[in-house]
Amino acid sequence: MITLISSDKRKFHVLEEVANQSLTIRDVIEDRRGRRRADRIILVTNINSKIPEKVIVYWLRHFLMPEEIAHASMSHKKAEKLKKWEAKFFDTDIDTLNDLILAADSLDIPSLFDGACEKVSDILKNRSAEEVGEISKIENEFTHEEEEEEIPSENAWVWRNEFA
Amino acid sequence: MANWSELHTDVLEHLTSFLSLPDFHRFGAVCRNWHSVARQKRHPPRQLPWLVLGEDDTTHKHKFFSLEENKTYLIEIPELQGQRLCGSSYGWLFTLDIELNFRLLNPLTRKQYDLPPLPPYNSHNNITTYVKGPRSENNFTFEAMQLSLVAKAILDHDPSRSSDFKVLIMYGERNRLAFWKLGDPTWTLIPDAYIRFNDIIFYKEDFYAVGCCSRYNEIYLVNTGLSPCAKRVGPLVKEYDTFTYLVDYLGELLVVQRYRKVYKGQLYKTEKIIIFKIDLEHEKYSVYKPIKGHSVFMGANSCMTVDPSKYPGCKKNALYLTDLPQQVFERHGSKDLLIYDMVEGSFSRYYSTAHYLPASPIWLYPNY
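Read top to bottom, the protein sequences are chains B and D.
When the letters of the first sequence are read in order and numbered with the working numbering, they come out as residues 1 to 164.
When the letters of the second sequence are read in order and numbered with the working numbering, they come out as residues 1 to 368.
FYI, nobody ran anything at the bench for these hints, they're computed from the structure.
The C-beta atom is built at its ideal place from N, Cα and C for all residues, glycine as well.
All the pointers check out, no bait thrown in.
Label pairs and their computed distance ranges (CB to CB):
1) Ile94(B) x Asp10(D): 18 to 24 Å
2) Pro191(D) x His76(B): 43 to 49 Å
3) Glu145(B) x Leu221(D): 53 to 59 Å
4) Glu13(D) x Asp27(B): 20 to 26 Å
5) Lys77(B) x His157(D): 37 to 43 Å
6) Val28(B) x Thr305(D): 36 to 42 Å
7) Arg349(D) x Ile123(B): 26 to 32 Å
8) Glu13(D) x Lys77(B): 32 to 38 Å
If we take Cβ atoms under 8 Å as the criterion, some of the chain D residues that face chain B in the derived model are:
9) Leu19
10) Cys31
11) Arg32
12) Leu74
13) Ile75
Some chain B residues flagged as far from chain D (calculated, every beta-carbon gap over 12 Å):
14) Ile2
15) Ile5
16) Ser6
17) Lys9
18) Glu16
19) Asn20
20) Arg26
21) Asp27
22) Val28
23) Arg33
24) Ile41
25) Ile42
26) Glu53
27) Leu60
28) Leu64
29) Phe89
From just these sequences and the hints, can you work out the full model?
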């Protein structure tokens with residue numbers, strides 16, 4: 001059993017085999033193998049407690065079939081079921097997705113990273129830069145000139161909305 | 001608290017690998033940081049191919065139909081004006097102008113390669129014997145040559161990502177084969193035993209061709225090495241009055257036979273499609289039923305296989321066919337744009353047009 005500690009000091013106990021899905025944690029466990037139990041505590045400082053919960057839920061769902069996922073040997077029915085589950089899992093607000101991306105990146109969990117990025121790309125789909133800025137609360141920082149001239153001239157066809 | 005502008009560059013770059021080309025450009029306009037990430041163009045766009053529809057009559061811009069968004073983008077590409085499109089691979093188009101200058105063009109970056117002068121149409125005619133004037137039966141005008149000199153052209157590798165690439169063409173009266181590699185002064189002709197080739201493909205790191213010989217389709221391995229030749233490698237597949245394609249379906253080599261029927265006098269309409277899986281090792285073939293769900297975009301382009309589960313609106317187990325890449329329809333226009341459901345065996349349409357299109361559309365994977 002290993003223990004994850006989130007930035008707000010909550011503890012999460014996870015089976016080693018489950019947490020292994022994080023390549024970062026797997027390396028840490030490898031490094032500390034044979035040492036005392038106290039060394040099996042991993043601080044996850046950059047994420048709040050809501051995220052480890054979600055990550056562990058994700059691990060548990062994937063833990064049941066890691067081989068099948070890795071080798072794409074799942075039956076069609078199982079694959080459909082997992083897809084439905086993932087769709088629901090990632091159906092969350094954009095801030096949570098941002099945190100999941102950060103967690104998946106720092107813990108090195110490729111499938112979670114891909115899943116969260118893909119969901120964000122779905123949100124970006126067919127939206128103007130202004131809409132995306134609003135959703136993600138990003139200020140665009142562009143000067144008036146850049147906004148009016150430089151960027152539109154780079155790929156005029158995207159902006160002009162001239163459709164046949 | 002999450003902050004989107006604080007995401008690392010490599011995270012943002014990964015995010016762009018899930019975006020289509022229009023979404024990617026919009027992504028780059030969100031803020032400075034995202035703009036600089038987009039400039040890197042680290043990942044090819046993730047999207048279905050566009051259908052290149054030719055020139056818009058009023059604006060003279062080029063029309064690109066996006067199946068995913070169900071809309072047509074108008075893009076100004078002067079290099080495409082008056083060109084016939086003879087092929088499409090990795091986002092590059094093969095263009096042939098009225099003076100028979102043959103080029104490779106990426107319509108989005110507008111980078112171009114001039115290709116050497118094409119070999120003659122047949123042994124009696126070449127560029128010095130072609131004449132000016134409208135095309136008609138059996139005359140060798142430039143107009144006629146622009147339509148029929150190159151039936152199809154393909155690439156082995158993406159010139160944007162590799163400086164070592166080859167072009168294979170199917171050209172002339174008999175659809176003969178010739179290749180060119182970057183740096184060569186001329187085309188190298190592939191000697192053949194009077195085979196008429198129907199389609200060419202880059203499959204598992206080699207060029208292959210399918211040729212027709214007295215009611216059989218034969219598969220050839222095209223050797224572009226020191227002793228260029230077309231060597232018969234596959235089984236004989238029976239056929240009768242069809243158009244034949246080669247398809248790479250997730251590593252399996254398929255022969256797709258398209259049976260067409262003449263109706264209303266001269267127009268062609270696809271009636272039936274039969275698919276065979278080719279076993280090159282044992283020189284065998286069998287009727288093929290897909291189980292993998294993937295769909296194929298095919299025609300005069302290098303065929304592209306996509307996973308429809310990633311693209312809403314894309315049908316499963318489907319062949320998205322453009323019209324026949326031959327000159328037969330050019331006199332009447334093109335309308336036979338079909339989806340063939342490989343499991344159900346049924347036909348539907350992906351682009352409906354009331355008018356016949358002046359030139360056959362071609363699939364293009366937009367890339368930079």
